[in-house]
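Asker: Residue numbers (my numbering), protein chains in the order written: chain A, 1 to 430; chain B, 1 to 430.
Treat the hints loosely; a few may be bogus.
Pairs involving identical chains hold if they fit within one copy or between any two copies, as the list cannot separate such chains.
Cut-off 30 Å, straight-line C-alpha distance, at most; resulting in silico cross-link-like pairs (BS3-like, lysine-lysine) [stated by the list, open to error]: (1) K126 to K318; (2) K197 to K357; (3) K244 to K283; (4) K6 to K348; (5) K283 to K241.
It should be emphasised that the hints constitute simulated quantities derived from the structure, not laboratory data.
Protein chains: 2
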Amino acid sequence: MSTTKKIVREWLSGNREGGIAFLKQLVQVPSTQGNEAKVQQIVAEKLFRLGLNVDIWELDGEQLKKHPYFFSSRETFEGSPNVVGVLKGSGGGRSIVLNGHVDVVPEGDVRQWNHDPYSGEVIDGKMFGRGVTDMKGGNVSLLLAIEALQSLNIKLKGDVIFHSVVEEESGGAGTLAAILRGYTADAAIIPEPTNLKIFPKQQGSKWFRLNVKGRAAHGGTRYHGVSAIEKSIVVLNQIEKLEKIRNERIDDPLYSQIPIPIPINIGKIEGGDWPSSVADVVKLEGRIGIAPNERIEDAQNELEKWVERLADIDPWFKESPVELEWFGARWLPGAIELDHPLMDALSKNYEDVCDKKPIVEASPWGTDGGLLTQVGSTPSIVFGPGVTNLAHFPNEYIHLDSIFQAAEIIALTLIDWCGDATDDAEEESE
Amino acid sequence: MSTTKKIVREWLSGNREGGIAFLKQLVQVPSTQGNEAKVQQIVAEKLFRLGLNVDIWELDGEQLKKHPYFFSSRETFEGSPNVVGVLKGSGGGRSIVLNGHVDVVPEGDVRQWNHDPYSGEVIDGKMFGRGVTDMKGGNVSLLLAIEALQSLNIKLKGDVIFHSVVEEESGGAGTLAAILRGYTADAAIIPEPTNLKIFPKQQGSKWFRLNVKGRAAHGGTRYHGVSAIEKSIVVLNQIEKLEKIRNERIDDPLYSQIPIPIPINIGKIEGGDWPSSVADVVKLEGRIGIAPNERIEDAQNELEKWVERLADIDPWFKESPVELEWFGARWLPGAIELDHPLMDALSKNYEDVCDKKPIVEASPWGTDGGLLTQVGSTPSIVFGPGVTNLAHFPNEYIHLDSIFQAAEIIALTLIDWCGDATDDAEEESE
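Same shape as in the complex, but just chain A (with noise of 0.2 Å):
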């Protein structure tokens, strides 16, 4: 082991108390949506005090409103700030995105959690908490990272970029702004919860509205109505047909082990307003899964002729046709070259920090890394301690040891990637 892996991995190993408490402030704020203004600020504090030069703003939203590649639900992003953090190479070396975001889903039903969902409890070297794998912990193993390189007196030729963005969950308008202040970079990493596992292509995703309409009657005699509760079982189980023939479609090996890789998720239903009224029309709301090769456009398309074809399958919506509307959160596709630099850096330090061969895999989900890589011109691995499966779970937790893996990781990677300024030092004075 090399004295830097030594030293970066002692530094870990002592500051892990204060690794842990500053996580867990993290998760005791529930920042979802129009809510991440005091995370923010606390992000903002410890970043200021690592010695980086910071730039905390609140997205334009007449500004990102005119860019092809906005989506958000809101116009106004009052309390919901962006902040970004530069540590400035020495110069020579090469730049990097590190991409966090701090907003979170709902906590959903609450009593679904065995623990507050903003508690932060710590049981069995676990966290619990709404947002600690999607994904707080990255961004913590991200800040500790830099945090080990400032204290062990480390400098980087390359610079740093940090951004901590909101609106990933609904959108990406967040990391959008921070590319349009100018903050990209050669290349990026964004620790979202992959079980540190190395995700160079990255699903995008789309999400829409299907509005199901029936014709409303007195429950007491149905038979005279068409309920659009019964019709939306009809869409749904269409929905699904087309969910698996594009799924039957995807050969990319990197997908093997995913059982569906690029699902479409009816997250949302609603409808009726009586409940003695037969309903007249119910709401559905979902995503859909766009493969890292395919044009969003061409997926779109695709679910708007499978919508058209349902008069096929029932006459009634030859009648009252299916409305679909596409709104809100559009996350591009992305994908970085196998053999890219930075892939390498990122597999060797794992290997050298996990003693195993990474497992390198397809996201089974839309990142901010489609923004990133497309808008900004800057190619992403995503990469993190999180753990998949649990996020928008109620229950999700992460394991703090992979926080301070990932940060390890991540550490030597920076140095790998933008170059030791140390080294050249002591060589200049050698």
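Chain A is fixed; fit chain B onto it per the hints.
Answerer: Frame of chain A; chain B shown alone:
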């Protein structure tokens, strides 16, 4: 045709425009639950001008809550007064309740209406609007019948008690309050929309809520979750099966023309809170129809057992049982003997006015007649001018002619049932 019959018909014919204008005035007030004060004011003024003793009062939630058959989503009834008008008879006759509700169900999806739901537009002898058929048109028939008798100076022996009640659409708290205030009689007519058919039996109904649970996950890894929306489809299919079983039992010939005598209607669905999350809970709200001869408790028991049995259909429900809640509204079933003297009087006058035998059927929905019969000891017939299968529909309308036919039949029935005091007065003077 007797003189009385002739002059009643002539009076109605001469007052057609006024009757239509009054109905329009009622329809133009959107008297949905909680918003009935304005329409009640109009009715009260009408009753006052007709010379009735008028009682307007706000329902006493505290008192009602103590009654075993009280059901409402509300505990206070601000903005929803009841109105009763009493036309005292000269004595010695049978009394009658004429009961109509002024609350209307919400208009639903306005795009499905060809006209403003609260315009009261008249086209080709039909008036359109929310509540025109269910049941403001019927209320106008009652008021025209009373007005005809008053204008023609036809005195009755028995009392006529006109109920203009609230809360019929959500459980009958208005009629219950009228009963508890002492406004009962020897029998009742309720002009709910029956297409001028006579309904001596009324279906009861009870509202319920089913909470279907899933397990949340990120939509991109939806295979790690269990969709409460998918599980709701299983529940909906099973509810339809129970409906089939319950209806196969109905052998009452009065139901022979009804496709589903006692429907179970799921009128509302709502679940999930994020398009790209797997829904962790879906709420279904509906009503179960109760046969006229069935105890409401037995029907509830059957549904409860059925919901418990879901665990045999899908093992998921063993792990996460569907919760059944009884809430809000409940309409008691009711029945009057087919040979009751009010049935005779109404049938005879129908035949006289319409020149054909009336159609006698069972009501496909619950009415306040259950409360009047079971709590108020006032056996009730449902008979009214509205169009049965338009109740709760968009583009609800009523045939204006029917309103005047119903008014004529009811006016003549009042004379037969309550007794003509004018006859006695003439006899005495002879």
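Asker: So, for every hint listed, does it hold in this structure?
Answerer: Hints, one by one, checked against the model:
no., hint, in the structure
1, K126 to K318, "between (53 Å within a copy, 29 Å between copies)"
2, K197 to K357, "within (10 Å within a copy, 81 Å between copies)"
3, K244 to K283, "both (22 Å within a copy, 27 Å between copies)"
4, K6 to K348, "within (16 Å within a copy, 104 Å between copies)"
5, K283 to K241, "both (19 Å within a copy, 25 Å between copies)"
Of the numbered hints listed earlier, not one is contradicted by the structure.
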